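Each chain, letter by letter, is given below.
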Amino acid sequence: MGISKFTHILSIPLVPKIDAALLWDLTIFFAGLGLLYLLFVFFFRSRLAHKSKEVRARKKELGPMISNFLFYEDDVSLQEKYNYVQLKLEIRELLKSDFNRKVLVEILLDLQKDIAGDARNRLFDLYKDLGLHQDAFEKLKSRRWEVISKGILELTQLQVEESYGFIKKFINHRRGVIRKQAQLATVSLKHEGIVYFLDTCKHRISEWQQLKLLDILRNFEDFQPPRFKAWLTAKNKDVVLFSLRLIKYYKQNDANSSLIELVKHKNDQVKIEAISCIKDFVVFEALETLKAVFWKCSVSVKLALLDAVASLGKQEEISFLKEVEKRENNFIVKSKAVSAINTISPGMVMPTHGIEPIPAYEEDQEELMIEEMAASEELEPSIESSEARSEIAEEEVIRKNAETQEEPESTSLSEEETPEEIEMQEETKPVHFDEVQLNWKLPEQEEDHTKVDTEEVAINTDSASNNEELQPIEDLNEFKINDLEEIIMRAKEEYQEELTSLSSESRINSEEAYWEAVLDPEKEDEIVFDLCLMEELEDILAQAIRPEDSYAQHEILPLDFLPIVAEEACEEQKEGQSSSDPIMHIEVEEEVVHQDAKFVEELDRILQKVRTSETEEEEITLNFIPLVVESEQDEVPQSHAEEQELPIEDLEVVYEEEKGLIESREEASITLPWERPVEEEKTEALEEISTALVEASNEEYKSEDVQHEPQFDLFDALDDRVSIFNELFRTCDAESKLILLDEILAVGDERDLRFLDTLANDEDARVRNKAKKIGEALKTYLESQLPDETVCLEMDETQDALVENPGEPESEEETSHGELLPLEDCFLQNESFETQRLGLFEIDFELDEVYGATETSMLSSVGQEVLNQDPQTNLLEDILSLPTKLIQKFNG
Amino acid sequence: MTEKKQLLLAEDDELLASLLNYRLEKGGYEVHLAQDGKEVKEFLKRSIPDIIVSDIMMPYFSGIELVDYVRNDLELKIPVIIISSAGNEENVLSAFELGANDFISKPVSPSELLVRVGRELSKM
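First to last, the protein sequences are chains A and B. Position 736 of the first sequence, counted from 1, bears residue number 735 in numbering that gives the first Met the number 0, the numbering being contiguous throughout. Position 124 of the second sequence, counted from 1, bears residue number 123 in numbering that gives the first Met the number 0, the numbering being contiguous throughout.
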């Protein structure tokens, strides 16, 4: 029983029983409703269409009748007059129908939009003659707001002035649509409507409504606007605001005192509008009020107020504006204050962000100023401290540089500046020349900002020495060249600093620094800018520099061949110290090379010798080198790291060193090292390649006149002193000595013979034996230096005899050529080698990615990579590896 | 007795067309009304008026196209006066570039239009 009940309950929602007849009934019902709806839609649509058609037909019928009435003239024939009277009777009959009246009103409303002139006025008269305005009055009595609104609109558009009294009652209607319609009608129907409106309006007047009202007033003919200052005391703030705008539009400047008072209004809009009026009417009396209310105003009002102060203010307002700039927290207001200051006193606030000081010229300028001030006893400038002078000099230098580049001729005293403006600028400066009497006369014209700044310089410099006239500051050409040189050097230094910081930090220090440097667009931009600047300035300098200056550039002593030198220079660059460009002049280079007094002294001696072209041999004690080495050895890990992270300088060192060696070889008229059998890895293939290279270079030499510019190298200077291996051997172990001995054979000369003799007492027997053999071979080689055609062969034979290591392959020349090479070919091969070497180094200088290898030595990486790229270069490995080995051994 | 000048008035607003028609007829012109571009084209295929007064905005065929049609397709040198709405200066300039002789802006003063028509016809 219970189970059956439960089953019954469950079955209800799952299987509802619906009567099919009921479903049919519902279907019929809703279908009927739909049909009825369609019928209604069809009926009303047809009715509306019929009505519209009827209206169109009636308009077509009444249109010509209206035209007859509009263009009827009295001076017509009697027949036309009779027709006109008949037309009037006819239209009277038509107007008895409400429909016709409505159609006629529609016709008139449409026509009044499209016609103008006398026809329009006739249309208004016709509207009233036909008594259609009575219908509009009836609409005003309606309880429905839309009907009232339509009535007001009809009476307004058809200019029924009689309706003015009825419509103005709706100005403060509770319904906004009627109120706004009534406001427009009141103002448009009669000229005095605006007065009534402003007197009685109690509600808010929207901005759009104000615009429409203003448009109506603007289109009035012969409109005499009332003095709107009367409504500045209205309680309705919108009335005050609208009045202010009307005052501004009609330029009624007789309400200054009210305007000043309205600056204190609670409403910001009123304040802003009053300030705008004050600005337009140039109410100077309002300045004090403006300044007084400033701190209580909102940001928008402050901006308007500062704008007005900028427009009206004089020098007295500068202090206020500076105070605003100082105290105000809002950035926009601050900027506006600065803008106002510059408006009142152009050029008072100069840009400071991103302006670089130029210390070199600053010093000169400072010294110049001090000298001139000291020379002038009459003047007692009120410079309180040297810091202030330096700041002024710095600003002047910056401005002067800019002006010299832009307007070189404007550095002389401009004739356009007025004394008042100069006084103003002097007041704003921290330095005052109170007792300076500027006895020069200038026409009163508006100034140029740039010229004013230049004139400040002239005042500061020349006024101290000469009070009568302001002379040009200095020779512009000299200034330009010197200054450009300094700018170029500075730009290069900064570029090197940027490059060094980017490269070293990114490679060595951390990945974080790397990404910071790489992803920092400002740094990249600065580097690119520096590069561009350097290029531009160098172009300018190349044109402006004198011939003797350019000659001086040829006397470059590239002293950065020493690793120590390079490291020192790099360290200086790292520390941000200013290092001069090595290509500019040697004095600077000497300073950069080393700070040690002994070193500098010794270097001076060397360089002096070079300059005087002394040929006599003189042994120089290179005591400064171990001194440097010792000092560097204390920082061996760091130095080694710096070698890896400063590839450019290191590469330059290698390059210069190689160059020095090879050039010394050329001067000695001996064969090239790579022609000798000194390398272990020379294979048959390489021999073939080298042979091909020699032949190719010979052909190239014959076809082209290859010019080699003689370049000075310190190795030349050192040639006549002592063996460079002397000091190297003092700090290296036996294995290194053995390697160095091989190198002595490659590059050695008479000095090295003496040095090899000293190695006879070496502790290591291997070194002693090898030194002995090398010495004999070198001696033989040097003795055989004769200008005959057998030089090359003899050298080959000598080297073959010397190389006794069992693992080493045979000489390339011996196996491949086996014949005498003419002396000319030796030099040709030398040329070929140098061409290849230069090519390799050209590649090396482009291998920026190699610098990223932090694990291996920079130089060895470069050399290895180059060798891996081209098997031909294996022939030169000994030459390339020489400086690497030297540096490695040098660093222990 | 002199023949009346043929005037083609192209205006889609019936009321305004009727009003102007009345005024122009009263001014001594034989006015032919056209409410859109199609009617204008059909009329021009049938006969050539002495002057054309056309609204710049019409169905099917704007006043600018009408000027272009008259000047370039039919190669007629009859005067064309354009009626434009206020703020439609660009179209007016285009019409002048295509060869319109004069223009008058709405709201139109019928008396002014009559004067302009007479002036253009007197130039021929």
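Bear in mind the hints are in silico, worked out from the structure with no lab data behind them. Mixed in with the good hints there might be a few duds.
Said to hold, decoys possible - Below, simulated DSSO-like cross-link-like pairs (lysine-lysine); rule was C-alpha separation at most 30 Å, straight line:
(1) A:888 / A:778
(2) A:16 / B:44
(3) A:112 / A:189
(4) A:59 / B:76
(5) A:290 / A:211
(6) B:44 / A:59
(7) A:325 / A:247
(8) B:25 / A:52
(9) B:122 / B:105
(10) A:112 / B:37
(11) A:58 / B:76
(12) A:278 / A:295
(13) B:3 / A:80
(14) A:138 / A:149
(15) B:122 / A:58
(16) A:295 / A:236
(17) A:127 / B:4
(18) B:44 / A:211
(19) A:149 / A:168
(20) A:265 / A:189
(21) A:247 / A:140
(22) A:234 / A:250
(23) A:87 / B:105
(24) A:50 / B:3
(25) A:278 / A:263
(26) A:290 / A:228
(27) A:52 / B:3
(28) A:228 / A:211
(29) A:189 / B:105
(30) A:80 / B:4
(31) A:167 / A:59
(32) A:228 / A:168
(33) B:105 / A:101
(34) A:59 / B:37
Values in this document were obtained by computation on a predicted structure and should not be read as measured data.
Now for the hints, and whether the structure bears them out:
1. Using a Cα cut-off of 30 Å, the hinted pair residue 888 (chain A) and residue 778 (chain A) holds, with the two alpha carbons roughly 26 Å apart.
2. For the proposed pair residue 16 (chain A) and residue 44 (chain B), the alpha carbon gap of about 76 Å is over 30 Å, so the pair is violated.
3. Distance restraint check for residue 112 (chain A) and residue 189 (chain A): the Cα-Cα separation of roughly 20 Å lies within the 30 Å cut-off, and the hinted pair is therefore satisfied.
4. For the proposed pair residue 59 (chain A) and residue 76 (chain B), the alpha carbon gap of about 34 Å is over 30 Å, so the pair is violated.
5. Restraint check for residue 290 (chain A) and residue 211 (chain A): not satisfied, since their Cα atoms lie roughly 35 Å apart, outside the 30 Å limit.
6. A hinted pair counts as satisfied when its Cα atoms are at most 30 Å apart, and residue 44 (chain B) with residue 59 (chain A) qualifies at roughly 27 Å.
7. A distance of roughly 33 Å separates the Cα atoms of residue 325 (chain A) and residue 247 (chain A); the hinted pair therefore is violated under the 30 Å criterion.
8. Straight-line distance between C-alpha atoms of residue 25 (chain B) and residue 52 (chain A) comes to about 29 Å, which keeps the hinted pair within the 30 Å bound.
9. Distance restraint check for residue 122 (chain B) and residue 105 (chain B): the Cα-Cα separation of roughly 24 Å lies within the 30 Å cut-off, and the hinted pair is therefore satisfied.
10. As the CA atoms of residue 112 (chain A) and residue 37 (chain B) are separated by approximately 26 Å, the hinted pair is consistent with the 30 Å bound.
11. As the CA atoms of residue 58 (chain A) and residue 76 (chain B) are separated by approximately 36 Å, the hinted pair breaks the 30 Å bound.
12. Note on residue 278 (chain A) and residue 295 (chain A): the hinted pairing holds, with a Cα-Cα distance of about 20 Å set against a maximum of 30 Å.
13. Restraint check: the Cα-Cα separation between residue 3 (chain B) and residue 80 (chain A) comes to about 24 Å, which is no more than 30 Å; the hinted pair holds.
14. As the CA atoms of residue 138 (chain A) and residue 149 (chain A) are separated by approximately 7 Å, the hinted pair is consistent with the 30 Å bound.
15. Under the criterion of a C-alpha separation no larger than 30 Å, the hint pairing residue 122 (chain B) with residue 58 (chain A) is inconsistent with the structure, at around 37 Å.
16. Pair hint residue 295 (chain A) plus residue 236 (chain A) holds up; C-alpha atoms about 20 Å apart against a cutoff of 30 Å.
17. The suggested pairing of residue 127 (chain A) with residue 4 (chain B) is violated, with an alpha-carbon distance near 36 Å, which exceeds 30 Å.
18. Under the criterion of a C-alpha separation no larger than 30 Å, the hint pairing residue 44 (chain B) with residue 211 (chain A) is inconsistent with the structure, at around 48 Å.
19. Taken as a hint, the residue 149 (chain A) and residue 168 (chain A) pair is honoured in the structure, with Cα atoms around 16 Å apart against an allowance of 30 Å.
20. Taking the CA atoms of residue 265 (chain A) and residue 189 (chain A), the gap is about 33 Å. The hint is violated against a cut of 30 Å.
21. Between residue 247 (chain A) and residue 140 (chain A) the alpha-carbon distance is near 39 Å, which puts this suggested pair outside the 30 Å criterion.
22. The suggested pairing of residue 234 (chain A) with residue 250 (chain A) holds, with an alpha-carbon distance near 23 Å, which does not exceed 30 Å.
23. Of the pairs offered as hints, the one joining residue 87 (chain A) and residue 105 (chain B) holds, with about 29 Å between alpha carbons and a cut-off of 30 Å not exceeded.
24. The hinted pair formed by residue 50 (chain A) and residue 3 (chain B) fails the criterion: a straight-line CA distance of about 39 Å is larger than 30 Å.
25. The hinted pair formed by residue 278 (chain A) and residue 263 (chain A) meets the criterion: a straight-line CA distance of about 16 Å does not exceed 30 Å.
26. Of the supplied pair hints, the one linking residue 290 (chain A) and residue 228 (chain A) holds, its CA atoms being roughly 24 Å apart against a limit of 30 Å.
27. For the hint linking residue 52 (chain A) to residue 3 (chain B), the alpha-carbon distance of about 34 Å lies beyond 30 Å, and the restraint is violated.
28. For the proposed pair residue 228 (chain A) and residue 211 (chain A), the alpha carbon gap of about 21 Å is at most 30 Å, so the pair holds.
29. Distance restraint check for residue 189 (chain A) and residue 105 (chain B): the Cα-Cα separation of roughly 25 Å lies within the 30 Å cut-off, and the hinted pair is therefore satisfied.
30. The straight-line distance between the Cα atoms of residue 80 (chain A) and residue 4 (chain B) is roughly 26 Å, inside the 30 Å bound, and the hint therefore holds.
31. Between residue 167 (chain A) and residue 59 (chain A) the CA atoms are separated by roughly 36 Å; this puts the pair beyond 30 Å, and the hint is violated.
32. The suggested pairing of residue 228 (chain A) with residue 168 (chain A) holds, with an alpha-carbon distance near 24 Å, which does not exceed 30 Å.
33. The suggested pairing of residue 105 (chain B) with residue 101 (chain A) holds, with an alpha-carbon distance near 25 Å, which does not exceed 30 Å.
34. A C-alpha spacing of about 21 Å is found between residue 59 (chain A) and residue 37 (chain B), which places the hinted pair at or below 30 Å, so the restraint holds.
In this structure, the hints that do not hold are numbers 2, 4, 5, 7, 11, 15, 17, 18, 20, 21, 24, 27, 31, in rising order.
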